[in-house]
Amino acid sequence: MAYLQLRGIEKFFGEHRAIKGIDLTIQQGEFIVFVGPSGCGKSTLLRLIAGLENIDGGSLMLDGRDITDQPSSKRDLAMVFQSYALYPHMSVYENMSFALKLAKVDPAIVREKVERAAAILNLTTYLQRTPKELSGGQRQRVAIGRAIVRAPKVFLFDEPLSNLDAALRGQTRVEIAKLHRDLGATTIYVTHDQVEAMTLADRVVVLRDGLIEQVGTPLELYDKPANQFVAQFIGTPQMNVVPLQQLPAPVQQQAPAGAAGGAIGLRPENIAVRSTGTTPVSGQVDLVEALGAETLIYVSTPGGAQFVSRQNDRTGLRAGDAVSLDIDASQAHWFDPAGHVVAGQGA
Amino acid sequence: MTTRRRSSYPLGLLALRTVAAWGVALLLFFPLAWLLLTAFKTELQAIAVPPQLFFIPTLENFHEVQERSDYLLYAKNSVITSVLSTVVGLMLAAPAAYAMAFFKGKYTKDILMWMLSTKMMPAVGALVPIYVLAQKSHLLDTQLVLIIVFALSNLPIMVWMLYSHFKDIPREILEAARMDGATLWQEVRLVLLPLGMGGLASTGLLCLVLSWNEAFWSLNLSAAKAGTLATLIASYSSPEGLFWAKLSAASLMAIAPIVVFGWFSQKQLVQGLTFGAVK
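Top to bottom, those sequences are chains A and B.
Mind the numbering: the first sequence is residues 1 to 347 in this note's numbering, read in order.
Mind the numbering: the second sequence is residues 1 to 279 in this note's numbering, read in order.
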């Protein structure tokens, strides 16, 4: 049953068409992540759903109700802002109880809800402090607590982890995932970080230039990208996308007809580096990055192609060494000149 | 032997700077100080040459000012017109500043510039039209006309100052209030006003001072009934000659309230006037 339905959503900023017609269906309890490069419209789309910007075209339905023209205050949505947007002149308790007080909820019930949310987020000892007496991570949790207390129909997160340091980011990511598991609330989460997308989402929506490129589960997007943009956006290090003419002949011949003039896409873990002369594809090591748990080897071929290979073992290779590349063509993605995926022979 | 200095400047330069600063301050304060002294002199002492620094103070000037012209009436008019024009001005300026700060459009900056540009014309340029309007509406020599004119002439500055203060409030805090279910009025009352109170206070104080000292419109639009303290002082520059001592006493009585008020609220005033200077 569609819980949140976007139909033909459009948004103009003056002459500029920022959102170009978005159709999306979200089920109750799903964790949806909007991901995409800067300027792709993901935050704008979130704000359209929240009601902080007006929808210029299309319709928005929530739980059977048309909320396209409803003001934010009446949509029963809660938002966690990137900058937390806590009320600086109120204590943590007052921040978290603000919405309930506006709704004229009984003070005893307000107290109970706030204390329960504070317990879940480890904020109980901070309830009387003001935001400026809190650290970044604590403010983050207050912002989340403010949303939880309302038990809204949908939670909206706008890049909530970008202002945290790396260690705290990882930790908070896990907490958000646990929270979703415990509360089971429908969530829309915007991020530019594809690791967050892959780890938190039930489904990922990849956006570019105001349009949806692909919607799918994280692994669907990883294994079956619909086009070159999605293929290169998801996955670190980036998928190797190399124009066909830069490939040695034996590999080129394996390309399907539709990919003529296009490119091949290979994930770093599908390219193995072997001793020189063992495969038809030869190359030279440019750089070795030893990350501890895995090793990345950057290789360039005489044709001008550059590949990154990922392996779990350590290597004794150094820059300048001659090597051979073992390309698993059955795992290759083939793209036509326009970037669309072409069905491959081995795929 | 080394001497430890608190600043990196040589001692001589520091002394010179201190003397110069004191000199400038005394120079600026001198007219007021002389005013203070003269108010307590007799007329004869006031015009004595060489000027007298030491004398027996007298209160007779203050008595005469109060007898000859009703000081309390003028003071009351000053208070009422300043306070009410400030309130009206804030009520008009705050919504305008809110709209400009949080819903900036293509022409917002142009409108602000235009508002400020209206202050560049000398008031006398608008004297005749406003006088005629006041006369036709039977508002001459009423407190109402002064309140309206004071509020409107200070409005550009108030909008500008409030706009600058509101801009410092992150927009997302207001959006969060909206998401929490606040109507526009609740958003303003519960979030914007508490956060913007400093800006509102200093803007209000500035407007209060400007209205209190406004002499041009008071002199031209009011007389015996609605005259403000500015009118009172002007009435002492008579064709009979200048009565220095009484003039000083009248002036002192006119500026004393606002100077005392300003002294107590100087922190807010300075903050309001220097916002944005250090960012």
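The hints are simulated quantities; they were obtained by calculation from the structure and are not laboratory data.
Be careful, since some hints might not be right.
[Stated by the list, open to error] The calculated lysine-lysine pairs, modelled on DSS-like cross-linking and capped at a C-alpha distance of 30 Å, are:
1. B:167 / B:104
2. B:136 / B:106
3. B:267 / A:132
4. A:178 / A:101
5. A:101 / A:132
6. B:267 / B:136
7. B:109 / B:119
8. A:20 / A:178
9. A:74 / B:167
10. B:167 / B:76
11. B:106 / B:119
12. B:136 / A:74
13. B:109 / A:101
14. A:20 / A:104
15. A:20 / B:267
16. A:74 / A:113
17. A:74 / B:104
18. B:167 / A:132
19. A:132 / B:106
20. B:106 / B:225
21. B:136 / A:20
22. B:109 / B:167
23. A:104 / A:153
A quick look at each hint next to the structure:
1. B:167 / B:104: holds (10 Å)
2. B:136 / B:106: violated (39 Å)
3. B:267 / A:132: Holds, at roughly 23 Å.
4. A:178 / A:101: The given pair, whose Cα atoms are some 28 Å apart, holds under the 30 Å limit.
5. A:101 / A:132: The hint holds at about 22 Å.
6. B:267 / B:136: violated (43 Å)
7. B:109 / B:119: Given that 30 Å is the threshold and the Cα spacing comes to 16 Å, the pair holds.
8. A:20 / A:178: violated (34 Å)
9. A:74 / B:167: This hinted pair holds, its Cα atoms lying about 26 Å apart.
10. B:167 / B:76: The hint is violated at about 36 Å.
11. B:106 / B:119: Answer holds: residue 106 of chain B to residue 119 of chain B is near 23 Å, not above 30 Å.
12. B:136 / A:74: violated (50 Å)
13. B:109 / A:101: Roughly 37 Å separates the two Cα atoms, so the pair is violated.
14. A:20 / A:104: Not OK: residue 20 of chain A and residue 104 of chain A at ~40 Å, beyond 30 Å, violated.
15. A:20 / B:267: Violated: residue 20 of chain A and residue 267 of chain B sit about 52 Å apart, past 30 Å.
16. A:74 / A:113: holds (21 Å)
17. A:74 / B:104: holds (24 Å)
18. B:167 / A:132: holds (20 Å)
19. A:132 / B:106: Violated, at roughly 35 Å.
20. B:106 / B:225: violated (47 Å)
21. B:136 / A:20: Not satisfied, since the Cα-Cα distance of roughly 58 Å exceeds 30 Å.
22. B:109 / B:167: holds (13 Å)
23. A:104 / A:153: The given pair, whose Cα atoms are some 19 Å apart, holds under the 30 Å limit.
Going through the hint list in order, the structure does not satisfy hints 2, 6, 8, 10, 12, 13, 14, 15, 19, 20 and 21.
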